[in-house]
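Q: Below, each chain spelled out in residue letters.
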Amino acid sequence: MASLDPKLNETVAELVGRLKDKPGALLPILHAVQDAVGCVPPEAVPVIADGLNLSRAEVHGVISFYHYFRERPPGRHVIHLCRAEACQSMGQRGLEAHAKQALGVDFHGTTPNGAFTFEPVYCLGNCACSPAMMVDGELYGRVTPARFDDIVSQWEKR
Amino acid sequence: MTSPITIYVPRDAAALSGGAEDVAHAIATEAASRRIDIRLVRNGTRGMCWLEPLVEVRTAAGRVAYGPVTPSDVRGLFDAGFLTGSEHALYVGPVESIPYFARQERLTFARVGVTDPVSLDDYLAHDGYKGLARALAMTPADIVKDVTDSGLRGRGGAAFPTGIKWKTVMDAPADQKYVTCNADEGDSGTFADRMIMEGDPFVLIEGMTIASIAVGATQGYIYLRVEYPHAHRALSEAIATAYAKGYLGENVCGSGKRFDLEVRLGAGAYICGEETSMLESLEGKRGEVRPRPPLPAIKGLFGQPTIVNNVISLASVPIILEKGSAFYRDFGVGRSRGTLTIQLGGNVKRGGLIEKAFGLTLRELLYDYGGGSASGRPIRAVQVGGPLGAYLPEAQFDTPLDYEAFSSIQALVGHGGVVVFDDTVDMARMARYALEFCAIESCGKCTPCRIGSTRGVEVLDRAMSGQNRQANLSLLEELCGILADGSLCGLGGLTPYPVLSALRHFPEDFARNTPKSQR
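Heads up: the sequence lines are chains Y and U, in that order.
Each residue of the first sequence is one higher than the one before, counting from 1 in my numbering.
Each residue of the second sequence is one higher than the one before, counting from 1 in my numbering.
Just so you know, not all the hints are guaranteed correct.
Unchecked claim - Only pairs whose alpha carbons sit at most 25 angstroms apart, straight line, appear in this in silico DSS-like list of lysine-lysine:
(1) U:LYS167 to U:LYS323
(2) U:LYS130 to U:LYS323
(3) Y:LYS22 to U:LYS299
(4) Y:LYS22 to U:LYS285
(5) Y:LYS20 to Y:LYS7
(6) Y:LYS20 to U:LYS299
(7) U:LYS167 to U:LYS145
(8) U:LYS167 to U:LYS299
(9) U:LYS257 to U:LYS245
(10) U:LYS145 to U:LYS299
(11) U:LYS145 to U:LYS130
(12) U:LYS323 to U:LYS145
(13) U:LYS285 to Y:LYS20
(14) U:LYS130 to U:LYS257
(15) Y:LYS100 to U:LYS516
(16) U:LYS257 to Y:LYS22
(17) U:LYS257 to U:LYS145
(18) U:LYS130 to U:LYS167
Rather than coming from a laboratory, the hints here were simulated on the basis of the structure.
Let the sequences and hints guide you as you build the complete structure.
A: See below:
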């Protein structure tokens with residue numbers, strides 16, 4: 001198994017040390033690691049498992065269960081496009097096709113320039129302003145293909 | 001020196017999604033350049049989403065609203081004299097006289113849109129913490145009795161009587177008990193939890209504190225979905241303030257009782273809105289469903305007696321304690337007491353949040369409140385109760401929104417989400433989506449859900465490509481029966497609702513072939 005580079009190792013160990021005594025500490029630790037380094041790299045698993053006295057398989061099983069945790073770093077920004085029913089009733093399917101073409105990637109893909117990772121999401125709670133999308137935690141409503149292009153070009157510069 | 005003029009621009013995510021942040025910034029800048037002294041309050045939303053961003057100005061005649069406002073409208077609003085409530089193209093009048101709002105019965109949402117959500121002073125000035133004050137003077141058994149007598153049933157969707165759940169936890173002997181709030185709100189088409197957490201987080205904190213005192217719990221967790229960063233910020237801010245002012249911690253309001261509260265983030269798994277799966281996730285595990293019994297009330301988080309309640313259920317507790325069980329019970333019909341927070345979304349002209357006593361019909365909701373479809377085309381179907389709720393045709397639009405009436409037509413009120421579709425909807429695609437969603441989100445613990453959802457998509461695809469259509473549709477119905485009877489929890493158990501209701505009420509959409517590209 002590849003070992004973590006020393007700086008990452010230190011970061012993960014520090015987060016584990018700080019959070020491991022919380023009851024049910026694994027999810028808070030995984031969130032903290034992903035917040036700090038953009039993903040939960042496979043090399044971090046032994047460090048986390050060791051700190052919590054779990055097997056590596058148990059930690060891996062939790063990471064792989066949740067859609068939100070990723071093992072590889074995403075693009076500079078993550079676009080979440082809602083696929084749920086309310087958005088579908090307001091033209092989401094056309095928007096999704098447009099987005100895939102505009103970005104040149106399918107769901108879970110990262111654009112070749114590394115600017116965006118494109119993910120589906122099942123409801124952002126903005127169903128009265130459908131269709132909705134989120135970029136790095138910022139929510140957008142009433143998204144048309146033209147507005148999508150606009151939002152993407154704004155974020156591309158950030 | 002005159003006092004500053006108060007202007008309200010919501011901080012709710014729906015308003016922000018339409019540009020409220022830029023509007024707030026433009027107003028502050030414009031006021032500064034005109035040397036006008038204003039006080040900008042970032043309130044919650046009034047729930048009239050089609051008017052968001054909705055800007056309100058406090059005038060001598062009350063709060064006057066303008067919307068939907070874009071940054072480029074701001075200069076014109078100042079020119080027109082909106083600070084004194086003058087006419088303007090975006091003028092919608094005194095906000096509480098707008099019929100959509102005026103006809104509601106806002107109990108749980110009484111403060112949402114009115115106050116500054118993270119201001120404890122504002123909360124206290126609007127009757128906040130009166131319920132807790134009364135609860136602290138009561139015995140735990142009396143608190144539980146009040147909640148039971150109010151008729152409050154779990155607003156997450158299962159509609160189990162809240163007081164009975166509390167009594168079970170109260171009566172269970174244990175050194176450590178927990179109060180957990182299910183804020184996973186993964187049901188698509190629903191946003192009431194989000195709006196109350198962003199618009200009045202203290203009411204949830206107060207409700208959980210009352211619950212902790214009633215059952216003798218000292219630790220609470222709010223399990224919040226990661227898709228709600230705005231709610232996370234509002235809750236974190238409010239919890240920190242509640243600790244600083246002695247409303248949380250080792251000595252709640254000087255009562256000598258301890259209650260600690262923490263927000264825990266989910267990680268994008270729909271199934272974690274199921275209560276036992278949520279408990280597994282809180283314990284740091286895969287969110288796999290637990291078989292019941294034992295009930296979480298007896299053996300819940302870390303094996304201890306645990307309350308698991310939805311956000312709206314807990315946020316309804318303070319007003320019940322403040323005004324008494326009879327006050328709350330007097331709203332509603334039959335066995336559905338109190339108010340339902342309806343979330344109207346999708347293809348509808350006036351979408352938003354409507355809190356109203358149980359008993360409103362779908363037709364009143366869709367046309368009197370919603371104003372018909374957004375597209376102007378006829379409304380063909382509505383889905384009520386999230387992704388596992390039934391699709392209803394126009395013939396059922398006179399059904400009143402109450403638990404029993406919906407259950408009698410094989411439908412669910414659920415968490416009160418209502419999603420509207422016009423006549424361009426293809427119901428075979430919606431049925432396929434329901435099965436696909438179940439396959440994506442299944443936790444994998446039980447076979448009917450894990451395998452059945454995938455087989456369901458395949459069987460439906462075969463039917464829709466014209467292969468043995470009738471035989472495959474019959475097979476799909478049979479498969480739905482297995483899912484309904486054999487699944488451990490509601491995900492597999494209820495996925496048949498949208499599928500079978502689509503088949504039953506819209507058979508014509510299953511009678512023609514769907515090209516593969518359009519599934």
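Q: Please write out, lowest number first, the hints stated earlier that are contradicted by the structure.
A: Violated hints: none at all, because every hint is consistent with the structure.
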